[in-house]
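Build out the structure end to end from the sequences listed, making use of the hints.
Protein chains: 2
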Amino acid sequence: MTNDYTVQGFKAAAVVAGLKKGDALDVALIVSDREAAAAGVFTTNKVKAAPVILSERHVENGKARAIIANAGNANACTGDPGLNDARRTAELVGRGLGISPEDVLVASTGVIGEQLDMRLIAGAIPGLTKTLALDAVPLAAQAIMTTDSFPKISSFEGRAGGHAYRILGIAKGAGMIMPDMATMLCFILSDISINSDDLKRALLSSVETTFNCISVDGDTSTNDTVLAMANGLAGNGDLRGEDYDIFAEGLRNVMWDLSKMIVRDGEGATKLVSVEVKNTFSPSDALRAVRTVANSSLVKTALYGQDPNWGRIMAALGRAEIEMREDRVDIWIDDVQIVAKGLGRGAEAEKLAAEIMTRNEFSLTVDLNEGGYHDRMLTCDLTHEYVTINADYRT
Amino acid sequence: MTNDYTVQGFKAAAVVAGLKKGDALDVALIVSDREAAAAGVFTTNKVKAAPVILSERHVENGKARAIIANAGNANACTGDPGLNDARRTAELVGRGLGISPEDVLVASTGVIGEQLDMRLIAGAIPGLTKTLALDAVPLAAQAIMTTDSFPKISSFEGRAGGHAYRILGIAKGAGMIMPDMATMLCFILSDISINSDDLKRALLSSVETTFNCISVDGDTSTNDTVLAMANGLAGNGDLRGEDYDIFAEGLRNVMWDLSKMIVRDGEGATKLVSVEVKNTFSPSDALRAVRTVANSSLVKTALYGQDPNWGRIMAALGRAEIEMREDRVDIWIDDVQIVAKGLGRGAEAEKLAAEIMTRNEFSLTVDLNEGGYHDRMLTCDLTHEYVTINADYRT
Numbered sequence: 001m002t003n004d005y006t007v008q009g010f011k012a013a014a015v016v017a018g019l020k021k022g023d024a025l026d027v028a029l030i031v032s033d034r035e036a037a038a039a040g041v042f043t044t045n046k047v048k049a050a051p052v053i054l055s056e057r058h059v060e061n062g063k064a065r066a067i068i069a070n071a072g073n074a075n076a077c078t079g080d081p082g083l084n085d086a087r088r089t090a091e092l093v094g095r096g097l098g099i100s101p102e103d104v105l106v107a108s109t110g111v112i113g114e115q116l117d118m119r120l121i122a123g124a125i126p127g128l129t130k131t132l133a134l135d136a137v138p139l140a141a142q143a144i145m146t147t148d149s150f151p152k153i154s155s156f157e158g159r160a161g162g163h164a165y166r167i168l169g170i171a172k173g174a175g176m177i178m179p180d181m182a183t184m185l186c187f188i189l190s191d192i193s194i195n196s197d198d199l200k201r202a203l204l205s206s207v208e209t210t211f212n213c214i215s216v217d218g219d220t221s222t223n224d225t226v227l228a229m230a231n232g233l234a235g236n237g238d239l240r241g242e243d244y245d246i247f248a249e250g251l252r253n254v255m256w257d258l259s260k261m262i263v264r265d266g267e268g269a270t271k272l273v274s275v276e277v278k279n280t281f282s283p284s285d286a287l288r289a290v291r292t293v294a295n296s297s298l299v300k301t302a303l304y305g306q307d308p309n310w311g312r313i314m315a316a317l318g319r320a321e322i323e324m325r326e327d328r329v330d331i332w333i334d335d336v337q338i339v340a341k342g343l344g345r346g347a348e349a350e351k352l353a354a355e356i357m358t359r360n361e362f363s364l365t366v367d368l369n370e371g372g373y374h375d376r377m378l379t380c381d382l383t384h385e386y387v388t389i390n391a392d393y394r395t
Numbered sequence: 396m397t398n399d400y401t402v403q404g405f406k407a408a409a410v411v412a413g414l415k416k417g418d419a420l421d422v423a424l425i426v427s428d429r430e431a432a433a434a435g436v437f438t439t440n441k442v443k444a445a446p447v448i449l450s451e452r453h454v455e456n457g458k459a460r461a462i463i464a465n466a467g468n469a470n471a472c473t474g475d476p477g478l479n480d481a482r483r484t485a486e487l488v489g490r491g492l493g494i495s496p497e498d499v500l501v502a503s504t505g506v507i508g509e510q511l512d513m514r515l516i517a518g519a520i521p522g523l524t525k526t527l528a529l530d531a532v533p534l535a536a537q538a539i540m541t542t543d544s545f546p547k548i549s550s551f552e553g554r555a556g557g558h559a560y561r562i563l564g565i566a567k568g569a570g571m572i573m574p575d576m577a578t579m580l581c582f583i584l585s586d587i588s589i590n591s592d593d594l595k596r597a598l599l600s601s602v603e604t605t606f607n608c609i610s611v612d613g614d615t616s617t618n619d620t621v622l623a624m625a626n627g628l629a630g631n632g633d634l635r636g637e638d639y640d641i642f643a644e645g646l647r648n649v650m651w652d653l654s655k656m657i658v659r660d661g662e663g664a665t666k667l668v669s670v671e672v673k674n675t676f677s678p679s680d681a682l683r684a685v686r687t688v689a690n691s692s693l694v695k696t697a698l699y700g701q702d703p704n705w706g707r708i709m710a711a712l713g714r715a716e717i718e719m720r721e722d723r724v725d726i727w728i729d730d731v732q733i734v735a736k737g738l739g740r741g742a743e744a745e746k747l748a749a750e751i752m753t754r755n756e757f758s759l760t761v762d763l764n765e766g767g768y769h770d771r772m773l774t775c776d777l778t779h780e781y782v783t784i785n786a787d788y789r790t
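Quick note, the sequences are listed as chains A and B, same order. Reminder that position 38 of the first sequence reads as 38 in the numbering used here, one-by-one numbering, no gaps. Numbers given in the numbering used here equal positions in the second sequence, counted from 1, plus 395.
Among the clues, some could well be false.
[As the list claims (entries may be wrong)] 16 Å max Cα-Cα, derived EDC-like pairs, lysine to aspartate or glutamate: (1) B/Lys736 - A/Glu114; (2) A/Lys63 - A/Glu35; (3) B/Lys746 - A/Glu276.
Rather than coming from a laboratory, the hints here were simulated on the basis of the structure. The structure displayed is predicted, hence computed values, not measured ones.
What follows is the structure, encoded as structure tokens:
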């Protein structure tokens with residue numbers, strides 16, 4: 001981890017285009033000095049935003065030069081006009097930078113169902129290309145925020161074949177966070193030399209254990225996009241064996257770090273809770289159980305209320321369609337066991353657990369004692385502020 | 396519908412036993428003067444409360460004489476001691492009434508995971524048996540309330556074989572409402588003459604289109620119980636053909652009425668919204684689609700915000716794992732179409748829709764234009780008050 005948020009060969013810029021209310025940065029551009037290996041992971045939602053459709057195509061050949069991203073308008077549910085706008089955005093950036101539009105990746109986040117104001121986008125591009133700077137990635141992180149309360153940025157430094165390299169990631173999250181990705185954008189930049197197949201492999205496996213393991217409200221989005229670019233300037237040559245593993249682990253660390261920031265900044269969230277379900281009958285039982293508990297509104301309001309109301313956890317497990325026997329279930333808040341063999345361990349234990357629950361971060365562990373599988377998910381509490389944010393979002 | 400909430404041959408009573416905080420009625424007894432045909436439908440949650448386990452057994456023979464129900468403690472996740480308490484409750488009621496304990500059905504609702512205070516239950520029974528009265532069913536409706544803000548009661552009058560009969564239903568609902576029944580108790584009393592197989596058939600089919608079609612927060616419970624008793628005092632003889640159909644439809648009406656009351660009284664709810672998804676590729680697509688939309692936290696906060704934010708509806712449909720094409724989707728709020736072929740119909744339409752959404756009741760209709768199936772569900776909005784109620788429930 002470092003506070004120097006630069007990666008050699010990558011420049012960024014952000015401007016106020018007028019897509020967000022107020023005078024906030026809302027369009028960002030990230031450019032690699034030279035062709036970069038590129039990979040992407042996109043939403044599994046059947047309703048895909050125009051920039052998702054376009055970027056999926058543009059990243060297919062495994063290379064890219066630039067990412068343009070805007071907040072304030074998701075360019076989703078906008079039909080053919082929306083797709084033309086995404087295409088036109090890539091063209092304008094390509095022209096501004098003197099590169100092929102196919103090497104431009106586009107991402108949007110914000111309100112669904114309104115056409116993008118292309119005059120604002122077109123008007124923003126000259127300012128972006130003119131102010132590109134090595135140290136401006138944090139500004140890009142700021143520009144892609146929607147209901148986020150802080151910009152999300154994380155980095156990793158590694159060595160491969162004797163050469164130092166860096167991985168820098170930025171993300172936006174907040175609401176609509178849930179397995180299979182969430183409304184989140186994440187851009188990963190690295191100067192490592194890696195082929196695009198390996199980059200994609202590392203990216204996919206990292207998504208699996210990071211962004212796909214967090215949940216804010218059970219809703220997934222039309223715009224989820226993770227893009228990675230690696231420009232090879234570190235000069236490490238082929239990336240093999242242990243060096244690949246270190247890179248993949250570094251990438252995972254950056255994405256895990258960003259995942260935690262997204263949940264901690266979940267809309268209205270006051271608590272970051274790691275939910276683990278252990279010793280399930282099957283891997284799919286583990287996944288179903290952990291998702292059901294982590295997404296239960298009643299469990300999430302109890303987390304907010306700092307109440308070790310384990311009956312709600314039992315009720316969630318009971319409807320998760322898993323193999324379970326009530327009299328085998330053990331439950332812990334951090335290291336305080338509140339349920340043993342399906343029965344409450346009493347007021348003393350609950351008092352200790354309630355004390356732990358006053359913290360910002362703690363874990364909730366369920367042991368089903370049925371088999372040998374487990375799964376884990378990061379979640380947050382459901383608060384008054386979540387309702388306020390989402391009832392008032394467009395008004 | 397009538398305001399005379401009596402059924403011949405059924406008496407009820409309710410007392411303050413001290414299970415709820417404050418001086419509230421919390422234990423109710425309902426007794427049939429003579430043996431009644433009986434049927435029950437119970438939670439599908441794998442974690443079943445003790446009274447559910449007991450009542451499932453006691454109703455198996457198709458007959459019963461009494462129902463005892465308490466609020467304040469669910470007697471769920473209480474292991475063998477809990478089951479003994481439920482059994483003991485039936486015994487005490489049996490002794491008090493001079494009937495077999497097997498003819499006593501038991502239901503509980505309230506906090507999960509705490510042992511029932513049997514001294515309070517035992518102390519309540521003499522008062523209950525002493526004050527049984529024909530017109531006290533509304534008091535029983537009051538006694539079973541937890542976070543409900545009003546008692547729920549509905550009735551139907553019909554004729555069979557020239558004989559008038561009545562169906563009277565009471566219910567409690569509020570939170571944890573979701574398909575496969577919810578934390579709800581519902582007791583149906585009728586003086587019709589019907590055999591227990593037919594009663595069960597009518598009850599099951601009514602549950603399917605009433606209590607299984609409502610949703611407050613996506614959580615199901617350990618205690619869901621619907622019990623029906625019919626004592627035959629109407630003297631209609633065998634119930635056949637059209638007479639059965641009228642009874643079944645009357646039963647459905649009573650249960651639908653109670654369902655609507657439960658959603659309207661959903662924890663913190665301010666709006667009752669009927670969600671329908673039409674013209675889906677398959678019946679299971681219709682069910683999945685309507686459940687995903689009706690349970691989406693983002694859709695439900697938009698309902699609260701009176702915001703026709705149809706992008707959230709599209710996003711919910713997109714993750715529902717159904718056959719759909721974005722450019723075929725039409726969406727209405729009541730009769731105002733806000734989406735046509737996947738695109739918004741503009742500010743004018745949204746303004747009209749927003750006006751409708753200021754009402755307490757409206758409908759949200761999605762037409763997928765894929766096939767010939769449809770499904771419907773009643774839901775409510777997600778509000779600040781929901782969070783307040785559920786964060787503070789036990790404290």
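Here's how the hints hold up against the structure:
no., hint, verdict
1, B/Lys736 - A/Glu114, "holds, 14 Å"
2, A/Lys63 - A/Glu35, "holds, 7 Å"
3, B/Lys746 - A/Glu276, "violated, 45 Å"
Hint 3 from the list above is the single one not met by this structure.
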